[in-house]
Amino acid sequence: MNAFDRNRVNVHGDAVTVDGASFLCEPLGDGRVRITGPEGARVAWATAEGRRVFVTLDGRDYVFDTGGGSSARRASAHEAASGEVTMPMPGLVISVAVAEGQAVKRGDPLLVVEAMKMEHTLRAPRDGVVRRLAAKNGERVDAGAVLLDVTES
Amino acid sequence: MNAFDRNRVNVHGDAVTVDGASFLCEPLGDGRVRITGPEGARVAWATAEGRRVFVTLDGRDYVFDTGGGSSARRASAHEAASGEVTMPMPGLVISVAVAEGQAVKRGDPLLVVEAMKMEHTLRAPRDGVVRRLAAKNGERVDAGAVLLDVTES
Amino acid sequence: MFRKVLVANRGEIACRVIGTLREHGIGSVAVYSDADAGAVHARRADEAVRIGPAEPRASYLNIEAIVEAARASGAEAIHPGYGFLSENAAFAEAVEKAGLVFIGPTPGQSRGFGDKRLAREAARKAGVPIVPGYEARSEVADRQLATEAGRLGYPVVLKAALGGGGKGMTVVTSDSDLIASAPSARRVALGAFGDGSLYLEKLVEHPRHVEVQLVGNGRGDAVHFFERECSLQRRHQKVLEETRSPGASEKTRLAMAEAAVALARAVQYRGAGTVEFLLAPDEKFYFLEVNTRLQVEHPVTELLTGHDLVWWQLVVAAETTLVTEQSAVQARGHAVEVRVYAEDPASDFLPQAGRLARVVWPRLPFVRVDAGVESGSDVPLHYDPILAKIAAWGPDRETAWARLAAALDETVVHGVVTNIDFLRALTRDPELVAGRFDTTTLESGVIDRYRERAGEPAPAVALAAAAVAEPARAAGGAPAPTRAAADPFATIGNWGRS
Amino acid sequence: MFRKVLVANRGEIACRVIGTLREHGIGSVAVYSDADAGAVHARRADEAVRIGPAEPRASYLNIEAIVEAARASGAEAIHPGYGFLSENAAFAEAVEKAGLVFIGPTPGQSRGFGDKRLAREAARKAGVPIVPGYEARSEVADRQLATEAGRLGYPVVLKAALGGGGKGMTVVTSDSDLIASAPSARRVALGAFGDGSLYLEKLVEHPRHVEVQLVGNGRGDAVHFFERECSLQRRHQKVLEETRSPGASEKTRLAMAEAAVALARAVQYRGAGTVEFLLAPDEKFYFLEVNTRLQVEHPVTELLTGHDLVWWQLVVAAETTLVTEQSAVQARGHAVEVRVYAEDPASDFLPQAGRLARVVWPRLPFVRVDAGVESGSDVPLHYDPILAKIAAWGPDRETAWARLAAALDETVVHGVVTNIDFLRALTRDPELVAGRFDTTTLESGVIDRYRERAGEPAPAVALAAAAVAEPARAAGGAPAPTRAAADPFATIGNWGRS
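The listed protein sequences derive, respectively, from chains U, G, D and H. Counting with numbering that gives the first Met the number 0, you get residues 0 to 152 for the letters of the first sequence. Counting with numbering that gives the first Met the number 0, you get residues 0 to 152 for the letters of the second sequence. Counting with numbering that gives the first Met the number 0, you get residues 0 to 497 for the letters of the third sequence. Counting with numbering that gives the first Met the number 0, you get residues 0 to 497 for the letters of the fourth sequence.
Derived from the structure by calculation, the hints contain no laboratory data. For each residue, glycine too, the CB sits at the ideal point set by N, CA and C. There's no promise every hint is true.
[Said to hold, decoys possible] Incomplete in silico selection of chain D near chain H, CB under 7 Å:
id : residue
1  : LYS115
2  : LEU117
3  : PRO361
[Said to hold, decoys possible] Here's a subset of chain U near chain H, in silico, CB distances under 8 Å, partners left out:
id : residue
4  : VAL15
5  : PHE22
6  : GLY36
7  : ALA40
8  : ALA45
9  : THR46
10 : VAL52
11 : LEU56
12 : ASP60
13 : TYR61
14 : VAL128
15 : ARG131
16 : ALA144
17 : VAL145
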């Protein structure tokens, strides 16, 4: 249940994918964003300030740390969670750099995909072993499809 | 009593002189200005928008037209008023371009003065005749001193 | 209760309705025209649907587009706000036909109260006093008219039997006057309404305009929320409203409220509505008309009673029931409101349009602001130029008025000329503060007194402030921090006060 | 009335006092430390005077600098706000010595109510119930202490006779417990107060903290403004206050108010003050202490009664008279308030400092916001981290709480972590909404429940919003419109929720 600190977030223009779920994020000015997703539309407030991002949504506040060293990651105790790597947008798998059962370190390149005429490298969300490798070179894949899983070794 | 559309306003940094009265205008951000003058201090709101300036002060709104052709001067019916030309800041009279009794058009150069190491040309506030010419070349003059008057011919 | 509601309006009233929807966890759908793509109401709602070009007919009056927006967004009900389609029976019918709920009266009630003759008849039947009058079919002889006029007592108002207030009315003071005016009045009536019938009505001189807020459950029960004093008008446009009314005794005020409730009960009125009365100096009151919508000035009633009238509307619409009973609606103290318009008091209140470079609303205890714009908002030319309503509450009338005056002093709207400076003068006008006014007062002196004040020269300190003015930071854009006088030593010269 | 008043405080309370001064046309002078040069309160006042460096001791506690600022600016009176010098008798004396008016009680009253023993004695004399207790000089034998404790009935609180609430208190439950604790308590008392005298007091279990607001005219008359329920505290710090109190019958509440007024009359109390009581589950109440200042939580009382307490303070200070009489102070409905702090509920409510990139306060009917910051404001480390108070009024308690919850949902403070998310949870906690709580409730479950909720994973939609977040436009500076993910096709990766 601690997937919150292991989310894969992909942005393409106003389209954002979080763990395979797609959202349309329409900026309304002054920090307001209208987000349309599977559960309908609502307006959020979001502010990037230094390395933190503040979000107010549906009567809840969220503060995200966008990185910069684990020492500052206040949620680090919760790290672990899902190692699934999914397709951020509909597109093509260009190359697969790992094999089933291969041990990887967090941040290692796993595959290169192409979508909207741009190539993108997907990296290991954590240390572990590659399992359920479903991606194949040259394959066309829908957004959200699981490409592989990095499980605890 | 219609001097409001014939005010001479001089600005030097945060110091502003209006018809000889001096004000300290301290910008407070977001359009707020603290104005300290002969009658004490108060906070005004001022916004320049295009050629108009909006001021809210002591429970009154003022809209000033900063120029751009008399056709757009809604207060033009009130034009007339004082033709006095006063010294904007303490300084030196460099040269006097007109003589007593000389007819001038609005905008004609009248004198050149120097203050705070900068030269400045004072122009006729309206059509008329130069009267009460008190300015002399090379004379040191206090702020607010009347240099001459342009009276209706 | 509904899960999602579409608000078929714009500006401050759309924002205000969305606020109540939010408070109760109900999804909100805004609609907007091309002129309002960046408007506050469209950004505040959960969803926003474009309904057409700027012209009202193509957007906010476009029944088909609005019903389709509701259907497409999954809204279950439509709140019409005020103005636009709020009293349009055909709209209510179209909404119901689409299987949605119209938050307002039945189409029959909209239509019935829209017809002045039917409305008068309903009031008469419910025992509500109406101005003594006589309806004369077009074939009635002028002599007969004069007899009836004499019975009513001159001065008498002569108007089309099917007409409302204002249009084509003539005041006649004698038999000969009447006989001279009747033929032309008959022609006007025939031309405007296809019916030459005339209506003679006794003229109520120096009346106040007092109205009673009520909500009916559509099944014969109704609750009132006391009266509102709306006499301060310019060209039949209300400018300042307050409750309670300073112009009537408690006995009269409650009699008006009871009359209004009796009418609502008699017609099984559904939703929020207002019964308007003329109140004569002798405290006799007469039925004027029924507004079958939430009114612009409803906030003063909310401040007085503590009840949220939009919530009452939603509960009636969703559950055909009233939020609570009459005894739970108590008046406390006094509330007063002004309407902030983009209009120039110095140019005969000409509507203004443009970009609001800077907007700062007051934030004071006991002050409520219902606003539809913020810094950077555009004021389009196409719509009513209302920007906001500012209201104040106090334990007594004097305190409420003083708080409103203070709130207006703290209100800053720059970039477009507004009536705020005029409103400030109103809230400090000794006659108005004393409560001594009727529907003619504003136009018979107050405005002239204001013009005089506004014509005074600006004090030097205002010019000093102007001299250091900077453009407001553009919303989202780059700031342009150039002073009006960028030259550190500049004679700005001869500014006109516009 | 005064023509000019200096406000010897900062933040929201300084802004709030300036608001009332403005409303009544009284000139305002703010004071500020170097850390507050750009603070809202210093920009809102007519004049602003620097009084020293950031450290409170050198600025807001600097009596000499503040009195000099008043003298130099021509202010006739000083309003101390709350905290800082507001209950400092030496300050009040210095103000009076400078020929200025201190807006608050006499120095003697500040001093008298600051001394717990004198305060207890004054209450006893005025017939106000005090917790049964026994004062033992340091030479009294432990045996004697035990006898007295037995008479009071265990459990008993053992504390320094000169101490206030909290510090050095021990709860003892038996003779042996008492005899074991007495020597150390005596040492602590001697060390802290230079007097080893002890005070035994019966422990009131599961008390509520209820206080009565009053204003005295300094000549023996006083008016109360009903009670406030302040039981929801964290480490003796109030978090949410409401009026009326849901924890007592009307009879008890009025008895408390009468007791408070009796005390104020007995000492000829001058100005605004609050008498705090412990309220036992059996509805017996006991005097706790008197706060000789305007309190943080005064807005709920203002919403309840419609009276402006700062105006009452000014009128007493200027004219030694009360604004009106007791019968004109009526309670209507219910009001509830929360305090917005820059503190991190996830890190044991650690105070936070920094720049508030974005601040959006709610604007809803019946909601009042007292704020001391806006977008771009700095939150300095040196002072109490209160940012604002958000209060809501309703015709009944349930409505007021629901409106407050809705207002908090509309509140946006970004850039510094705040307790707003925690406050939202409070206003929706079923036990609190039901009114079932005492002074121990917040720390014995509510906070834990919140921590659990806050530990839940952020929903995907929140991350989506975060992914497109942009920096707020800097106040006055250039905007930096770079998204968190500037690359139009970017995997943002693994964000931690901080």
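Evaluated hints:
| no. | hint | in the structure |
| --- | --- | --- |
| 1 | LYS115 | violated (33 Å) |
| 2 | LEU117 | violated (35 Å) |
| 3 | PRO361 | violated (9 Å) |
| 4 | VAL15 | holds (4 Å) |
| 5 | PHE22 | holds (4 Å) |
| 6 | GLY36 | holds (5 Å) |
| 7 | ALA40 | violated (10 Å) |
| 8 | ALA45 | holds (4 Å) |
| 9 | THR46 | holds (4 Å) |
| 10 | VAL52 | holds (4 Å) |
| 11 | LEU56 | holds (5 Å) |
| 12 | ASP60 | holds (4 Å) |
| 13 | TYR61 | holds (5 Å) |
| 14 | VAL128 | violated (18 Å) |
| 15 | ARG131 | violated (20 Å) |
| 16 | ALA144 | violated (15 Å) |
| 17 | VAL145 | violated (15 Å) |
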